[in-house]
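Here the structure of chain A is known, so what remains is to put chain B in place on it, guided by the hints.
Here are the chains, one letter per residue:
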Amino acid sequence: TIGNMDFYYSPGSSGCRTVLMTAKALGVELNKKYLNTREGEQLKPEFVKLNPQHTIPTLVDNGFSIWESRAIAIYLVEKYGKDDSLFPKDPKKQAVVNQRLQFDMGTLYDSFANYYYPLFRTGQPGTPEDFKKIETAVGFLNTFLEGQDYVAGDHLTVADIAILATISTFEAVDFDLSKYPNVDRWYKSAQKVTPGWDENVEGVQRLKDMVNAKKAEHKKN
Amino acid sequence: IFTMDLYNMAGSPSTRAIIMTAKALGVELNSKNVNTFVGEQLKPEFVKINPQHTIPTLVDNGFVIWESRAIVVYLVEQYGKKDSPLYPEDPQKRALINQRLYFDMGTLYDSFAKYFFPLLRTGKPGSQESLDKVNNAFGFLNTFLEGQDYVAGSELTVADIVILATVSTTEMVDFDLSKFPNVDRWYKNAQKVTPGWDENMKRLENAKQFLKDNMIEKLKV
Chain A
1 TIGNMDFYYS PGSSGCRTVL MTAKALGVEL NKKYLNTREG EQLKPEFVKL
51 NPQHTIPTLV DNGFSIWESR AIAIYLVEKY GKDDSLFPKD PKKQAVVNQR
101 LQFDMGTLYD SFANYYYPLF RTGQPGTPED FKKIETAVGF LNTFLEGQDY
151 VAGDHLTVAD IAILATISTF EAVDFDLSKY PNVDRWYKSA QKVTPGWDEN
201 VEGVQRLKDM VNAKKAEHKK N
Chain B
1001 IFTMDLYNMA GSPSTRAIIM TAKALGVELN SKNVNTFVGE QLKPEFVKIN
1051 PQHTIPTLVD NGFVIWESRA IVVYLVEQYG KKDSPLYPED PQKRALINQR
1101 LYFDMGTLYD SFAKYFFPLL RTGKPGSQES LDKVNNAFGF LNTFLEGQDY
1151 VAGSELTVAD IVILATVSTT EMVDFDLSKF PNVDRWYKNA QKVTPGWDEN
1201 MKRLENAKQF LKDNMIEKLK V
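Taken in order, these protein sequences are the chains called A and B. Numbering-wise (the working numbering), the first sequence opens with residue 1 and increments by one. Numbering-wise (the working numbering), the second sequence opens with residue 1001 and increments by one.
Chain B with its partners taken away, still in its complex shape:
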């Protein structure tokens, strides 16, 4: 029996990155929802699987791996064709992709989450300083994309997929991408060429609706 379980939260950017990567590879994932808003990740059965109890977590026939950017690379290496353009073997090409993945984790997604997630949870935005960091991060991405169709080299890679999951999250909030013309151009194209984009958008819309419903609850109080 072949099992590939993905413990996930449907709308989370990290989950959407994995869904799109799996789609690009033709890999089927068995989705197991874990609602972290109510602490489902702290159930003993899950902590046994992942002692850090974070999602997304992939269990590939007993092999457990977490951290979305490690998962997407694993999927390509394990299930992609040899020297897949999604994560090519050449060390320099890989290094560029890896740098973009760490940029996403430590700078782009990090700044976005720190500013916007409090807004989504409490209705109150983060500080001006944290908003400045978001604009700085998008500014860097804009520079990386000067004269480039993709974020890391001349073809679609896992770096595009991961950064697409992050950038598409701006659809949930009031963030003007047109201030970053290279990012805007890349984003419009990425939607057309990235496998699983429709699924990504559907999950974003569901997440947006979920938050609307729950924020209305907050406003009532």
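Just chain A, with the same shape it has in the complex:
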């Protein structure tokens, strides 16, 4: 049974949106606790006690504390899923999901962060080489999606959800997906079939507002 599931998060954060959509897909209710990381709320002693690495998202399931969005998503499926479709038990199918999740963290989202985080902080993005890495990463995703409706196998998995959270974040900075026809196609379809999409949209809009505010601030200076 599900008792107390505290979810420490920020709506703009891609990893947090991954968990929100996964929970929605599983019908799991999260007790949402907003942490404003730009004001350092994650450094409060009560939170550091829960997560010594003081990152969001963090889930506390009846005293069991877990962080890293992709680990949380997998945990929710394994613990509360009615079946294994979102994270298959078959070792080979699962391995493909894991590879896509790690591609998301280490290549796709990583390239996005390297180029755009400076933009969020200072109003100025990263280097042209950094931008090229984003194009290469999205290019790989495009290849993975050749003739495929989902990123890892023939049905929706947590890999689709995580990569959906990442790619939707690209919308906050008006990245042109049309050059990647498989990604574009997958993205349009994923929005229709992924539970919790509306909440994801709200989070991305919050991020977009923040980006625009930063840009305006930078123009003034």
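Hints are computed from structural coordinates only; laboratory data are not their basis. One should not assume that every hint holds.
[To be verified] DSSO-like, lysine-lysine: derived pairs with alpha carbons at most 30 Å apart:
#1 A/Lys33 - B/Lys1133
#2 B/Lys1114 - B/Lys1208
#3 B/Lys1202 - B/Lys1179
#4 B/Lys1093 - A/Lys82
#5 B/Lys1081 - A/Lys89
#6 B/Lys1114 - A/Lys89
#7 B/Lys1179 - A/Lys44
#8 A/Lys208 - B/Lys1192
#9 B/Lys1192 - B/Lys1093
#10 B/Lys1082 - A/Lys89
#11 A/Lys33 - A/Lys49
#12 A/Lys92 - B/Lys1032
#13 B/Lys1093 - B/Lys1081
#14 A/Lys82 - B/Lys1082
#15 B/Lys1081 - B/Lys1208
#16 B/Lys1133 - B/Lys1202
[As the list claims (entries may be wrong)] Sample of chain A residues with no beta-carbon within 10 Å of chain B, all distances over it, derived:
#17 Asn4
#18 Pro11
#19 Leu26
#20 Glu29
#21 Gln42
#22 Leu43
#23 Arg70
#24 Pro125
#25 His155
#26 Val173
#27 Asp174
#28 Ser189
#29 Thr194
#30 Arg206
Using N, Cα and C, we set each Cβ at its ideal position, and we do this for glycine too.
Chain B in isolation, oriented as in the chain A frame:
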């Protein structure tokens, strides 16, 4: 015919993690060297196998998988005994291991590579900011290991093996582990209990020598 090909670079941390995991499971791998310093991974035959053309890549009788942390989990799930302690079935135990694997990818190994790999390539270290990130990451690991013999629970898991591959890479550079007493203690013990440690050390020594030889070339110029 049973074939398990591992396309790899002998000294790379990700390859060493897989070698140690295979040793722990008694699985034989057929090593296929791919020299990424000279772009061998871009050969068409390899791109056909892995469109992202990264190493290590495992080909298990035609099943292709890449990302080292996905590979080690796959090996345990496919070839380990039921509910192997290396990657137990319990969702909470797994979640902790998964969090440590993502910590290694996104924080520990990531910070180490960003600071030290430029040093090894060019003789010039990364920035002070990137060194601070390495020390922060090792600080977190130190905290995780407070009162713990292993990084994720009470027994050796794939998280220990992967993090051992990362931490042992410090042997190639001038990095003082004694500043992190829990990590130091864990590291000394891990060397004794982790299968394939000798092979890991041998590969590190070879890599160290290879770099010495090649850096001398750079200094000549």
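Hint by hint, here is what the structure shows:
1. A/Lys33 - B/Lys1133: 27 Å, holds
2. B/Lys1114 - B/Lys1208: 18 Å, holds
3. B/Lys1202 - B/Lys1179: Satisfied, since the Cα-Cα distance of roughly 25 Å is no more than 30 Å.
4. B/Lys1093 - A/Lys82: Satisfied, since the Cα-Cα distance of roughly 20 Å is no more than 30 Å.
5. B/Lys1081 - A/Lys89: 15 Å, holds
6. B/Lys1114 - A/Lys89: 34 Å, violated
7. B/Lys1179 - A/Lys44: 25 Å, holds
8. A/Lys208 - B/Lys1192: 51 Å, violated
9. B/Lys1192 - B/Lys1093: Judged against 30 Å, a Cα distance of about 23 Å means the pair holds.
10. B/Lys1082 - A/Lys89: 13 Å, holds
11. A/Lys33 - A/Lys49: 15 Å, holds
12. A/Lys92 - B/Lys1032: Holds, at roughly 21 Å.
13. B/Lys1093 - B/Lys1081: Given pair B/Lys1093, B/Lys1081 holds - Cα atoms ~17 Å apart, limit 30 Å.
14. A/Lys82 - B/Lys1082: 22 Å, holds
15. B/Lys1081 - B/Lys1208: 36 Å, violated
16. B/Lys1133 - B/Lys1202: 28 Å, holds
17. Asn4: 15 Å, holds
18. Pro11: 21 Å, holds
19. Leu26: Correct as stated: the minimum Cβ-Cβ distance to chain B is 13 Å, above 10 Å.
20. Glu29: 18 Å, holds
21. Gln42: 13 Å, holds
22. Leu43: 13 Å, holds
23. Arg70: Label violated. Min Cβ-Cβ 6 Å, cutoff 10 Å.
24. Pro125: Label holds. Min Cβ-Cβ 18 Å, cutoff 10 Å.
25. His155: For A/His155, whose nearest Cβ neighbour in chain B is about 19 Å away, the distance exceeds 10 Å, so it holds.
26. Val173: A/Val173 clear of chain B: closest Cβ-Cβ about 21 Å, beyond 10 Å.
27. Asp174: It holds; A/Asp174 is separated from chain B by about 26 Å at its closest Cβ, greater than 10 Å.
28. Ser189: The claim stands: A/Ser189 keeps its Cβ more than 10 Å from every Cβ of chain B (closest is about 21 Å).
29. Thr194: Holds, because the least Cβ-Cβ distance between A/Thr194 and chain B comes to about 22 Å, which exceeds 10 Å.
30. Arg206: The assertion about A/Arg206 holds, with a minimum of 23 Å to chain B.
In summary, the structure is inconsistent with hints 6, 8, 15, 23 from the numbered list given earlier, while agreeing with the others.
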